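J.: In case you want the letters, here they are:
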Amino acid sequence: KNQVEQSPQSLIILEGKNCTLQCNYTVSPFSNLRWYKQDTGRGPVSLTIMTFSENTKSNGRYTATLDADTKQSSLHITASQLSDSASYICVVSEASGGGADGLTFGKGTHLIIQP
Amino acid sequence: DVKVTQSSRYLVKRTGEKVFLECVQDMDHENMFWYRQDPGLGLRLIYFSYDVKMKEKGDIPEGYSVSREKKERFSLILESASTNQTSMYLCASSLEGLLATDTQYFGPGTRLTVL
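Just so you know, the sequences run in chain order L and H.
Residue 1 is where the first sequence starts when you use my numbering, and the numbers rise one by one after that.
Residue 1 is where the second sequence starts when you use my numbering, and the numbers rise one by one after that.
Quick caveat, the hints were computed from the structure, so don't treat them as lab data.
Because the structure is a prediction, the values reported are computed rather than measured.
There is no bait here: all hints are sound.
In silico contact screen, one side only, chain H against chain L (beta carbon under 10 angstroms); selected entries:
1) Val-4
2) Leu-41
3) Gly-42
4) Leu-43
5) Arg-44
6) Leu-45
7) Leu-90
8) Ala-92
9) Asp-102
10) Gln-104
11) Gly-107
12) Gly-109
13) Arg-111
Taking beta-carbon pairs under 10 angstroms as the criterion, some of the chain L residues facing chain H (in silico):
14) Arg-42
15) Pro-44
16) Ile-89
17) Leu-103
18) Phe-105
19) Gly-106
20) Lys-107
21) Gly-108
In silico PhoX-like cross-links for lysine-lysine, where the CA-CA straight-line distance does not exceed 25 angstroms:
22) H:Lys-53 with H:Lys-3
23) L:Lys-107 with H:Lys-57
24) H:Lys-71 with H:Lys-55
25) H:Lys-70 with H:Lys-18
26) L:Lys-1 with H:Lys-57
27) L:Lys-107 with L:Lys-71
28) H:Lys-3 with H:Lys-70
29) H:Lys-18 with H:Lys-55
30) L:Lys-1 with H:Lys-55
Positions of the beta carbon are idealized from the N, C-alpha and C atoms, including for glycine.
Construct the complete structure from the given sequences, taking the supplied hints into account.
T.: The following block contains the structure:
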């Protein structure tokens with residue numbers, strides 16, 4: 001069964017510090033990996049989408065990495081801001097899955113930025 | 001910008017009531033999805049639709065039905081609401097399946113409480 005494991009489950013850091021969130025998956029065959037940010041009480045918003053051939057992708061202060069060999073991804077947040085407080089969800093798409101059943105969601109990492 | 005709207009942000013219903021959750025997207029997307037999100041469980045797919053009048057069961061369809069009479073609108077129906085259906089319900093849409101660069105756009109969510 002395809003699985004996506006995220007760690008840590010929750011994280012508290014001080015404003016201005018950097019942090020890294022992890023995502024390990026067993027989905028095969030792999031198509032792409034997405035990171036979403038979900039503010040409390042809101043729907044998830046896409047941060048990045050990475051395909052097999054992409055190792056690193058940045059979106060402002062967010063940098064995602066992908067190692068398709070070890071089936072690991074990370075999301076690095078630089079110079080954190082209070083607005084980064086949110087849940088971060090990793091979603092992996094299966095190559096053969098043409099519909100929504102080809103997506104496997106992680107449970108998310110809950111990040112809190114303290115002033 | 002893609003906009004996915006949901007009919008209610010908060011809803012309180014009684015056990016046994018029939019509940020309708022409405023979702024509308026304004027970008028002519030082919031695919032629409034309904035998820036529920038519960039603490040510690042992440043997002044779980046209830047139903048999805050890849051075309052008007054077409055629907056596919058997701059991971060947890062029991063107790064739910066859906067309707068897609070128009071391309072822009074996807075309704076989730078709880079035939080007889082139960083307390084274990086208390087949850088956050090998220091609607092999403094995407095353009096054409098879940099190809100390598102496609103992404104899902106989520107609505108703001110409906111927090112349903114069944115008493």
